[in-house]
Amino acid sequence: MTEGYIEAAGVRKIYHTRTDRIEAVAGVSFAAAKGEFVAILGPSGCGKSTLLMMCAGLETITEGSIRLDGAPIAGPRSSIGVMFQDSTLLPWKSVLNNVLFPARIQGRDMAVARDRAKMLIEMVGLRGFESKRPHELSGGMRQRAAICRALVTDPDILLMDEPFSALDAITRDEMNEALMDIWEKQTKTALFVTHSIREAVFLADRVLVMTRRPARIVEDLRIPFERPRRAGIQESVEFNRICSGLRALIEPPRSRPAPEAVAAE
Amino acid sequence: MSESLAREAWREIGPRVLLPGAVGVIVLGGWQATARLGAIPDVLLPAPTSILARLVDAGPEIAHHAGVTGTESLLTFCIAAVVGIVIALVMSASAWLRDALYPNLVLFQVIPKVALAPLFVIWMGIGSPARVTFAVFISLFPVAIACFAGLSRADRHILLLCRAIGATPLQTFVSVRIPFALPYLFSGLKIAATMAVIGVVVGEFVTSQAGIGYFILHASSRADTAGIFAALIGLCVVGFALYALVVLAEAGARRWWRG
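Those sequence lines, one after another, are chains A and B.
Just so we're aligned: 224 in numbering that gives the first Met the number 0 is position 225 of the first sequence, and the numbers increase by one with no gaps anywhere.
Just so we're aligned: 86 in numbering that gives the first Met the number 0 is position 87 of the second sequence, and the numbers increase by one with no gaps anywhere.
Just chain A, with the same shape it has in the complex:
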């Protein structure tokens, strides 16, 4: 029985294109305890998604290892739930059947899955929309359905790749609160990839800050806020102090150009 303890040690990813050798992830090590919510924060295209895909067993690992409860990840496994930037719902299926899709594929007991799907759908506030199809829902509602789908098989680990980055700012705030609420009721080990500092600080127990390619972890920050968290904490001085600290790590001050840039000119 898995617990949900993730440990990455010296993980590297090197892509070979026809002409280039690209180092997407360079020697990353971290660990996430059972039930911990870890945000991986970094600028777009820094390789953080690649890291997440390696955790999901969807990308090969060039060097190093990622272990789940001590066992190396060699491929996809059913104890992991994933969410992508797009809701990736099947357009011809109803909300309920989309949520049930992983259970059906994995040949699980459908009566159990159906009960759990209904409970999750109720929890994310999609009750009454079970028989609607994705095109009849708003972007936020589609992502709510995608959360249900990721949780329907009751995985130990939830991997999320910028799940709300395609939504507008207001919907995004709503979704963060909804996710917080769900996660507090269904605590899973969670890895959440984002390029939004506020989102990372609001959601996570720990924020790992990654630099641009090749991706390295430059900071591992514990977020001190108590749970359950409410949206109001985003107005606090402490919250904003943490955010500006992280921003300084991601975007070095503009006034002093990096030495290489000067040399290049």
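Derived by calculation from the structure, the hints in this document are not laboratory data.
A quick note: this is a predicted structure, and the numbers were derived from the prediction, not measured.
Please note that the accuracy of each hint is not assured.
Label-pair restraints from in silico Cβ distances [stated by the list, open to error]:
1) 168(B) <-> 62(A): 52 to 60 Å
2) 121(B) <-> 109(A): 53 to 61 Å
3) 109(A) <-> 167(B): 13 to 21 Å
4) 88(B) <-> 18(A): 32 to 40 Å
5) 158(B) <-> 221(A): 31 to 39 Å
6) 255(B) <-> 8(A): 42 to 50 Å
7) 126(A) <-> 21(B): 57 to 65 Å
8) 115(B) <-> 127(A): 26 to 34 Å
9) 170(A) <-> 152(B): 24 to 32 Å
10) 131(A) <-> 152(B): 21 to 29 Å
11) 21(A) <-> 151(B): 22 to 30 Å
12) 21(B) <-> 124(A): 17 to 25 Å
Stretch by stretch, here's where chain B covers chain A in the computed footprint (C-beta under 8 Å, at least three residues) [claimed, not checked]:
13) 64-77
14) 89-96
Where is the CB? At the ideal position from N, CA and C, for every residue including glycine.
Once you've looked at the hints, dock chain B against the given chain A.
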């Protein structure tokens, strides 16, 4: 109240049924008037009423020939659908085979294949197999190309999700790739349904003892212009029936995958 009901009824059926119907009636009326008032001989342009009379007169004969053409068209369509889908599956299963086959398929699509009908008579004689083979030959490519295009249309992220939840390649194929391909496949099949009828009739023009193509050639040799038009109506029924079959199959397939 009744006025708004009438307006609603008009909005429902007006543009979609009455409008095209009215255009049809006007064209037919103009045709009738031109043929009758212009005193055009029936050999050149028979009036719609003459065609109708001829259709009633030669009804059983035309129905017999339409049956022959319809059977061969259906057979053609089924073979073309199966072979076309198999070609598409083969191409989507292997990048190597796709690179080898696809450019040739597109090249073949461009050839005006109707011109090749006599070749099939040389190869296969004057019987039904020659006509069906020729018709399959011309209706196969739209199915293969459309189905192949559809099979490569599946959303990249959904395919990633399938891998993440541990779906087998077969499960991914059946529950994701095929339903994404359905709209493309069926648009290919609709083209194939009309091409199959065209192929069979062209085949009958070249060589046959029965069928609508044969009847038209025969009527033309007797200057039976109204007969040609009457046969065309029979042919329309065949074409429409085949097309309707595809539309029904599409509705069924969509319902099945909706789950």
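>> Using a Cβ cutoff of 8 Å, are there at least 3 residues of the stretch 89-96 of chain A near chain B, or does the coverage claim fail?
In response: Since three or more residues must qualify, the claim that chain B covers the stretch 89-96 of chain A holds, with 5 doing so at under 8 Å.
> Would you say the C-beta atoms of residue 88(B) and residue 18(A) sit inside 32 to 40 Å of each other?
Replying inline: Taking Cβ atoms as reference, residue 88(B) and residue 18(A) lie about 34 Å apart, which means the hint holds.
> Is it true that residue 21(A) and residue 151(B) lie within 22 to 30 Å of each other by Cβ?
Replying inline: This hint holds: roughly 26 Å between Cβ atoms.
> Does 13 to 21 Å hold as the CB distance between residue 109(A) and residue 167(B), or does it fail?
Replying inline: holds (18 Å)
> Taking 42 to 50 Å as the hint, is the beta-carbon distance of residue 255(B) and residue 8(A) inside that range?
Replying inline: holds (48 Å)
>> Between the beta carbons of residue 115(B) and residue 127(A), is the distance compatible with 26 to 34 Å?
In response: violated (59 Å)
> Could one say that the CB atoms of residue 131(A) and residue 152(B) fall in the range 21 to 29 Å?
Replying inline: Holds, since residue 131(A) and residue 152(B) (Cβ atoms, about 23 Å apart) stay within the stated range.
> How does the coverage statement for the stretch 64-77 of chain A fare against chain B, requiring three or more residues with Cβ below 8 Å from a Cβ of that chain?
Replying inline: Coverage by chain B holds here, the residue count being 3 at a Cβ distance below 8 Å.
> CB of residue 170(A) to CB of residue 152(B), is that within 24 to 32 Å?
Replying inline: holds (28 Å)
> Would you say the C-beta atoms of residue 126(A) and residue 21(B) sit inside 57 to 65 Å of each other?
Replying inline: violated (48 Å)
> Lying within 52 to 60 Å: is that true of the beta-carbon distance residue 168(B) to residue 62(A)?
Replying inline: violated (28 Å)
>> Given the hint of 53 to 61 Å, is the C-beta distance from residue 121(B) to residue 109(A) inside that range or not?
In response: Holds - the Cβ-Cβ distance for residue 121(B) and residue 109(A), about 59 Å, lies within 53 to 61 Å.
Hints 1, 7, 8, 12, counting from the list given before, are not met by this structure.
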